[in-house]
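Chemist: Residues per chain are reported as follows:
4 protein chains.
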Amino acid sequence: MNVGIIGATGYTGLELLRLLAQHPAAPRVTVITSRQERDRPLTAVFPALSGLANYDQLKFEAPQTAELAGRADFFFLAAPHGAAMDLAPPILAAGGRIVDLSADFRLRDAEVFNQWYLPHSAPGLLSEAVYGLPELYAPQIRPARLVANPGCYPTSIILALAPFLKNGFLDASQPIIADACSGVSGAGRGALAGNSFCEVQDSFKAYKVVGHRHSPEIEQELSALQGRDLRVAFTPHLLPMNRGILATIYAAPQNDVNLEGLREVYLDFYRHSPFVRVRPSGFEPQTSEVRGTNFCDLSLFFDRRSGLVKIISAIDNLCRGASGQAVANFNLMCGRPESDGLMLAALRP
Amino acid sequence: MNVGIIGATGYTGLELLRLLAQHPAAPRVTVITSRQERDRPLTAVFPALSGLANYDQLKFEAPQTAELAGRADFFFLAAPHGAAMDLAPPILAAGGRIVDLSADFRLRDAEVFNQWYLPHSAPGLLSEAVYGLPELYAPQIRPARLVANPGCYPTSIILALAPFLKNGFLDASQPIIADACSGVSGAGRGALAGNSFCEVQDSFKAYKVVGHRHSPEIEQELSALQGRDLRVAFTPHLLPMNRGILATIYAAPQNDVNLEGLREVYLDFYRHSPFVRVRPSGFEPQTSEVRGTNFCDLSLFFDRRSGLVKIISAIDNLCRGASGQAVANFNLMCGRPESDGLMLAALRP
Amino acid sequence: MNVGIIGATGYTGLELLRLLAQHPAAPRVTVITSRQERDRPLTAVFPALSGLANYDQLKFEAPQTAELAGRADFFFLAAPHGAAMDLAPPILAAGGRIVDLSADFRLRDAEVFNQWYLPHSAPGLLSEAVYGLPELYAPQIRPARLVANPGCYPTSIILALAPFLKNGFLDASQPIIADACSGVSGAGRGALAGNSFCEVQDSFKAYKVVGHRHSPEIEQELSALQGRDLRVAFTPHLLPMNRGILATIYAAPQNDVNLEGLREVYLDFYRHSPFVRVRPSGFEPQTSEVRGTNFCDLSLFFDRRSGLVKIISAIDNLCRGASGQAVANFNLMCGRPESDGLMLAALRP
Amino acid sequence: MNVGIIGATGYTGLELLRLLAQHPAAPRVTVITSRQERDRPLTAVFPALSGLANYDQLKFEAPQTAELAGRADFFFLAAPHGAAMDLAPPILAAGGRIVDLSADFRLRDAEVFNQWYLPHSAPGLLSEAVYGLPELYAPQIRPARLVANPGCYPTSIILALAPFLKNGFLDASQPIIADACSGVSGAGRGALAGNSFCEVQDSFKAYKVVGHRHSPEIEQELSALQGRDLRVAFTPHLLPMNRGILATIYAAPQNDVNLEGLREVYLDFYRHSPFVRVRPSGFEPQTSEVRGTNFCDLSLFFDRRSGLVKIISAIDNLCRGASGQAVANFNLMCGRPESDGLMLAALRP
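Residue numbers (my numbering), protein chains in the order written: chain E, 1 to 349; chain F, 1 to 349; chain X, 1 to 349; chain P, 1 to 349.
Among these hints, one or two may not hold up.
Remember, identical chains collapse to one label, so a pair may be satisfied in a single copy or spanning two.
Claimed, not checked - Think about it this way: if two alpha-carbon atoms lie no more than 30 Å apart in a straight line, the pair counts; the simulated DSS-like pairs of lysine-lysine are:
{"no.": "1", "residue 1": "K166", "residue 2": "K59"}
{"no.": "2", "residue 1": "K208", "residue 2": "K166"}
{"no.": "3", "residue 1": "K208", "residue 2": "K59"}
Keep in mind the hints are simulated off the structure, nothing from the lab.
Working from the sequences, and respecting the hints, build out all of it.
Modeler: Structure (structure tokens):
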């Protein structure tokens, strides 16, 4: 299996290369692209990868799609939003299959996409693209040509709420609140003043407090689960750490909740999912316990004072929230078990 | 002015000593107590304080209240919960005045205290003690003998909501949600496995997800502002950083909110408060901008999608949330301006 | 292959379990011991391991050696110094093979051991034990019954200097200086006041500035390489981070050094070593590039001003400096390639 | 006293503003300059400063020297290297006095400056400029028009070695080794890829291993103290933290050293220096104990194995290593005590 990575200089590209290096199918990376780093050896840009797989032989190329399409059977698109929608059509036309890590194919409604991002250049593919959350869409992912890998925040929030909504627990008269916090790697590898070490270290803030672009993606999937339109009050925060997302979600239940019963519903919902760990009562998930893994840790609480259910969800934003999930989708699309090469223990400490 | 600090080996004691060293009134610390460190020089325990004020001359003493009462005019009680209620009566009887940094005198209702903490040994003082939040209670603080210094989370949450509740904006049919995150110093200076560097660094979690003891304190003050009983869904989180609390608060307004109008209400409410900075529209408060200071930074958002108001509040948990506020109370009780010795610039970076 | 881990509640035990979970030989962990956690499930103590290998079925047992010896073919001893020398003899007698991660069998001279640690209870094994640094001792490691896994600092320093000393570059009239810095995980998982988050975060210090116990181990191996007794000025420091050691080593060369020539000597010395990456001229190794891996990154500099060679060495103290090296030794002892299950990409960021 | 700050958008500018806000002489900042931020309010760029001194009224101006000279009596030049040598002459000509925080006036020999930096545009001022290390040059600083504020690394290293060299302890036949580690704020406030949070966090590296520009400055001052030319093997490292420098220095003594005697020499040398804390035997200085202060903590060790003296020195790079030292120089130049406004307790934790 030959694999290409388009836009391989970001952290999601690097994470893909980390995961593929230890994948039991030994997929061969035959092409990596980068505009800024073209012609530089991969291990000059990422010395950490030296000595692994065929990485010392790889060089970055400019992303010239026409030519690239034939260079690999499978493509991970790790380019910025807006690039994938131009890259996908020629690759698909040449028979390639794609997991796209950008937002370009996540929203089913082109109108909504246009409103939150930019005019879509390949709207016809939106209905074909499969939303790549294996716990919800594995059957559709397996045969797909084009999988839209979910956003990091949406992954953490949708997995936390899916059994709750699907089983009719929600009192939809109150908004769902999703208060979520991410490590800095979620902002990418670019040099931004706001992400310099001294601005972030030992500090904490909310950002894009209103109108973060993951909102429509979250609402699209939660509404599908609920069977009616839902609105979510979503607030992202920036944590002084590298990796990890923790989402604390507040949802009003229809009735008082029996916590053990609710937990059984979750265990049942995820009984075939190797990566969702529904934790025991009172468990406090923490991001370090999923660091570098594809796991999503979930814990449920009922706050009798306010009458709200609190659901806490922890993932690694780069692995489960991006490249690990992409590899899981790749596995499914190749007819392999979802967990191939992904049963990794967290790096602790 | 002679000052005593009871329980001076914790981080709040250390922070008091930091602030008093640069206080323009040059209050003289005449006694510091500690059970574990008795007879050790202060600067052997806290070498950072060497060379400042009279600190190289001070030694820790065992906290023998009877005798201590006469050794200072003013006492900061920085002992654990449960100790202050025994320490306060003899000090008051000897004519001393007190700012208590523990929870012992924060709740007005002894029943509630007993239920959340332990049986109160001096319930008669609960009605006399003044809740030491200067923005709300300065007139009562000035003449008080006994001031109950607010908790760190309550400070951040009450300041964020006071103008909102006081001016009748809240739709009380939905619970207020207070999602708050604190640096590790909030857990104190003791050696706990859960607070060791490797367990906390590069990780994030919620803790005491249901039933944190600051809940009744928060609800007591918010209910007083609202004029009726309120319940708050409060979730504390542990940040991988030293200092700082950021609270993200979700409140349902009675009607759609004009954000600029609401901000005017806040500016007016805090017009005489040197430490509350109501930030401009869209401002994202971050804890590093209040690091080491007594400021509380507030910013207001209206999330049209969910119909909720989001209020973000940032303080330094050790300074504004504990010792800085204690010094502000001390200032008021001494007839001095609240801000004496506290107009400090944040340590950035 | 059945494997036992004695003292499995520390960070080296946890790291072993992480590495074994993804080892291609799928060694089966049949017994894990712990005094404090006896009878608790492994994944209650380390929830991060849940869902992997057979870990959800394992429980900690008390370390009753007699009985344990038959429970596995191979034992990793991850107990504190002083315990392994009692545990090893019965295990060996029962036919078990051992990699000991403590210092108990690292020093060949019982006198020296007694002086730096405590009286040795099994001095007869000191001459049999093989120092488990594969780059130097692979042939002896393969057939060994008892391998003494090197200390973390010694690993970083010996690998940095081995080609330099072995090839006669050193002017031994001046002391070698090894200034080395470690992440906090090197201090273990216990709750020590000095390792609490707030004491370490955003701070840096040297510790055990004179007389750190790794000194005799370092000098034993460097002296063997040099062919005469050497003394090293070794200073360990504590970094505000989880993992990683960086050693900056200053050595006086016999003559002015041709840097490219010296680098060729290093490349040649390590030509069969999959884990030593001799970096190009000017390369600045950093610990994040070996995070979670068994690599040792080396870079060479010649400081014309002082006439000294500077050698910089980076490893992960828990992986290459402990459990990763232990797995490499396990591989060799099992007749497998040294690198089995260890060709891992660094977790970056 | 009216004060101007040229180049006030960097971290040293911010630190000056922090210190001046709480200075008892209440110096009035009348002008702040910045090329990129011209016309923006100070507190829009640094919201942390809002509410303090006259800072809400200040705006950044373009650095038009001719006009600026008359706007203040005293100027802090916090511009990049190469700018101060053009700015100083017109300011001095207009009667202004200057503390320059750049390297432009630190080296007495224009040749050396040209070689390490760039051709000097005002070499005539090099002999007039006083090296602003108060412990060595206070008498010359008081009347000076132009003070060259020392670099951060040189401050930590020169203070550590001054009594040793001045009292003839050094065996100059072996090079001095200065292994020093700095927090990231030393690299300034610009957005550099290498200083982004994810590249630095939980990592450690040496940089400019050979030929760092602070070398000639260190050697100039150490040679003056020793009375003959000295060479230093200096290696800077980047710590994953905000503030602080720790230097570990290895020096060969003429004879075996009596540590208590050496410590007495240090205590005597610094007996009039409020900011140098010569710590007791065995003390391990750490940077957090000087965080935000002008202190330099020193501790002495004798390593009998190698025969070397180890001297450990801790400062805050932004305060003692830059802006705090600049304020101390300002104090001296104004005829005030060196310590005015600088007797600050470290921000711990």
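Chemist: If the cut is 30 Å between Cα atoms, do K166 and K59 qualify within a copy, between copies, both or neither?
Modeler: Close neither inside one copy (47 Å) nor across copies (36 Å); limit 30 Å.
Chemist: Tell me, please, which holds for K208 and K59 at an alpha-carbon limit of 30 Å: within, between, both or neither?
Modeler: between (36 Å within a copy, 27 Å between copies)
Chemist: If the cutoff is 30 Å on CA atoms, where do K208 and K166 land: within, between, both or neither? Let me know, please.
Modeler: Intra 29 Å, inter 28 Å, cutoff 30 Å: intra and inter.
Comparing the model with each earlier hint shows a violation of hint 1 alone; every other hint is respected.
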